[in-house]
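Build out the structure end to end from the sequences listed, making use of the hints.
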Amino acid sequence: MTGQGVIVLGITSAIARAMADRLASQGRRLVVAGREMEEVERIAADLRIRHNADVTPLRFDAVDFDSHAGFMADAAAALGGRFDGVVLCHGAMADQADAQADFALTKRMIDTNYASAVSVLNLAAERLLEGEQGGGPKRQGRFLCVISSVAGDRGRPSNYIYGSTKAALDAYLEGLRARLAKAGIAVTTIKPGFVDTAMTWGLPGMFLVAEPQMVARDMDRAIKKGAAVVYTPWFWRFIMAVIRAIPRPVFNRMKL
Amino acid sequence: MEGALGLLGPARGRGGESEDTIDPLFPRLSLRPPRQAAAGRARGLMGGTRRSVQVPRFRTMPLTSWGNHPVEECVVARPEKVRDLLAAAADPSVASVISRGLGRSYGDAALNAGGGVLLHERLNRFLAFDPETGTLECEAGVSYEEILRVFVPRGYFPPVTPGTQFVTMGGAVAADVHGKNHHREGSFAEFLESLTLLTGSGEVLRCSRTENADVFWATVGGMGLTGAILTVRLRLRPVESAYMAVDYQRAGNLDRALELFESSHAAGGSGGSGGYHYSVAWIDCLARGKSLGRCVLMGGEHASVKDLPERLKGGPLEIRPKKRRSVPNAIPSGLLNSLSVRAFNAVYYRSQRGGRRIVPYDSFFYPLDSVLHWNRFYGKRGFQQYQVVLPPETSRQGLVRLLEELARSRRGSFLAVLKTMGPSSGGMLSFPHPGWTLAVDLPHDPSLDEFLAGLDRITLEHGGRRYLAKDAGMRREAFEAMYPRLGEFCAVVRRLDPRGRVSSSLARRLGIVDGGGPGAGPRENGAAASAGSSAIGAGEAR
Chain C
471 MTGQGVIVLG ITSAIARAMA DRLASQGRRL VVAGREMEEV ERIAADLRIR
521 HNADVTPLRF DAVDFDSHAG FMADAAAALG GRFDGVVLCH GAMADQADAQ
571 ADFALTKRMI DTNYASAVSV LNLAAERLLE GEQGGGPKRQ GRFLCVISSV
621 AGDRGRPSNY IYGSTKAALD AYLEGLRARL AKAGIAVTTI KPGFVDTAMT
671 WGLPGMFLVA EPQMVARDMD RAIKKGAAVV YTPWFWRFIM AVIRAIPRPV
721 FNRMKL
Chain F
234 MEGALGLLGP ARGRGGESED TIDPLFPRLS LRPPRQAAAG RARGLMGGTR
284 RSVQVPRFRT MPLTSWGNHP VEECVVARPE KVRDLLAAAA DPSVASVISR
334 GLGRSYGDAA LNAGGGVLLH ERLNRFLAFD PETGTLECEA GVSYEEILRV
384 FVPRGYFPPV TPGTQFVTMG GAVAADVHGK NHHREGSFAE FLESLTLLTG
434 SGEVLRCSRT ENADVFWATV GGMGLTGAIL TVRLRLRPVE SAYMAVDYQR
484 AGNLDRALEL FESSHAAGGS GGSGGYHYSV AWIDCLARGK SLGRCVLMGG
534 EHASVKDLPE RLKGGPLEIR PKKRRSVPNA IPSGLLNSLS VRAFNAVYYR
584 SQRGGRRIVP YDSFFYPLDS VLHWNRFYGK RGFQQYQVVL PPETSRQGLV
634 RLLEELARSR RGSFLAVLKT MGPSSGGMLS FPHPGWTLAV DLPHDPSLDE
684 FLAGLDRITL EHGGRRYLAK DAGMRREAFE AMYPRLGEFC AVVRRLDPRG
734 RVSSSLARRL GIVDGGGPGA GPRENGAAAS AGSSAIGAGE AR
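Protein sequence lines, in the order shown, are assigned to chains C and F. The opening position of the first sequence corresponds to residue 471 in our numbering, with each subsequent residue numbered one higher. The opening position of the second sequence corresponds to residue 234 in our numbering, with each subsequent residue numbered one higher.
Please keep in mind that the hints were generated in silico from the structure rather than gathered at the bench. Accuracy of the hints is not assured; some may be wrong.
[As the list claims (entries may be wrong)] No farther apart than 30 Å at their CA atoms in a straight line, the calculated lysine-lysine pairs in the DSS-like style are these:
1. K556/F to K539/F
2. K577/C to K314/F
3. K556/F to K546/F
4. K314/F to K661/C
5. K725/C to K695/C
6. K694/C to K556/F
7. K695/C to K556/F
The model shown is predicted, which means the values in this text are computed figures rather than measured ones.
As structure tokens, then:
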């Protein structure tokens, strides 16, 4: 896998940075992208120095959909014309009550978590498929790895607007996975529980909080295995199975 | 303090909103307490912009440093972006802020009871490196551990390192840390080219020996009180191997130790070049009588490739990761007592035969880092490290008196270290000073501060000073007498930060800041509030 080109979106998130660190240490060439260029450039410099890695910082604004095609072209160019994988880490979470009261916040979550992912992954899928039609040799190890959330597994009153954007993302990825499977391209859905990042810092009621490095390790393994859906840390698969199994009459009376 | 926070009202996220935007009909997330309760625990930063989806937050939590004493409730931010650090530093919901790295200062230097603490641990990016000169520019949250991991395999080493690698560059500047080579090469400042500083008034200053020099020298050793250090530029040294050639020597008493230091260990005073590059002595503080001050001296050099055994010559810079053990959190406070420490010291002293050994750099520089959380050995009550430096003229006499007091008190010091120091760096509150430095770890108990105040009197009588990075209980009068450049330091701080935005528990305890500026009310608990109103540091500065 050495030398493979990977695009990491939402690089200023702690999980993305931990993931890029792993990828760079494996000798992959990277495009790291995010909206705040000053931060993106700092992270790129850091990866270069730590790993002697080939890292290109690019600006990527998830909710500026019209810019995505141009971004994909630039990213591919920076990686020598084509890339082998995309790790999508950008996302937004607003407080449920605030989002209920203010549709602008809801829309921001829909745009960031769902619409932007669809837009950019559609483009990425086309690029990964390039050359397939001509009957050329299949390139190995191509992947799309996308961070979703355990919140998408069931709409809970406390967080269902955010959760619904992730559920939509899950359904999209399910379909994309089936479509790209024929071409040998893995689509991996990552479902983290609570992770110790800026998104959760200071939120009351956090438990079983995982380090971003641990999530990145799980993501890396999932990519190497070509896994479909991975909960991280692993026990969230069981926690969410229990939550999904709660009968509706009971669920409706619970504060979840 | 509470009033200021109360105004901000509820918040997961947004500081400026009022209660009435909350619809009580919607259920709360059961994982979280009701919003009213949450308001005290999580406070937003960005004030009222409803569009913002993610905002940095504070988290109110008990915080302590390496000595596990004191433990104080602080309002803590952990920014992941520079912008978020700037926002947190300026956030009106906290009365004051202090930066914190990895919490390896021992006492209250990185605590701010009731006030803001800015964690720099996620602002740890390397920004530029020049392999020609070994010059590294990085964010202040980068630790020695990271520098070593990245640069030792490339043949570079941090030129001045403290006894643990879990110290950030910001912390290294703030304490002007010294290492086992201070007698030869001075403190961290010697290799620090420049830094950028976010001042209490929100300005970002580049500081060096030629640019904002007074701010530079106030920041070096300034315990974070000039502001948040954002980036540093320092020079690494080239090394041939990741190994050290170390000579061990026993000295049966203090005079013998000082003699050995002066003859073979320290080139410092005599100016010769024959001394060891690195030297330090482990000292048995419980030995009395004619064994008073018995030591094991360690002198080290960076091993060159030709010094290495054959099996290591193939990969002289390779680091072999060591397994780190951790100490559980349930050690009773009395485990380290004079009996157990005496037994350990006797065994350790006798087990050290003389001779040269080649050891990996971490065994020489960071022996205790292989046991994570070793501070837990002292149990819940924690411990303090008492470190002082005494000038050469009075060292012998002063050391004898301090060691006699320690031995008489039967306070078991598991870790006690003696070494020589060379010239000071020029940092206004910098600790290192020519002479001898003694550091002892002492289990905390209610009478410890009184005992240490007695040691402070001895230290002062001999013209010495105590290290702020280790201090958790020094009295202001002693501090003011030990640091003659305090007035100069306070003048710089007052100019940079007229409203007293930057403060720490240590700063208030020692009266370095008065904490009484507008909008920066001092904490309510403890003596600091009353101390603040009559700050002698302030009087001196004006």
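Hints and how they fare:
1. K556/F to K539/F: Distance ~27 Å between K556/F and K539/F Cα, so the pair holds.
2. K577/C to K314/F: At roughly 25 Å apart (the allowed maximum being 30 Å), K314/F and K577/C satisfy the hint.
3. K556/F to K546/F: Status holds; Cα separation ~23 Å.
4. K314/F to K661/C: Since the Cα atoms of K314/F and K661/C sit roughly 24 Å apart, the hinted pair holds (cutoff 30 Å).
5. K725/C to K695/C: 37 Å, violated
6. K694/C to K556/F: With Cα atoms ~27 Å apart, K694/C and K556/F stay inside 30 Å; holds.
7. K695/C to K556/F: Holds - the C-alpha atoms of K556/F and K695/C are around 28 Å apart, at most 30 Å.
The structure shown violates just one earlier hint, number 5.
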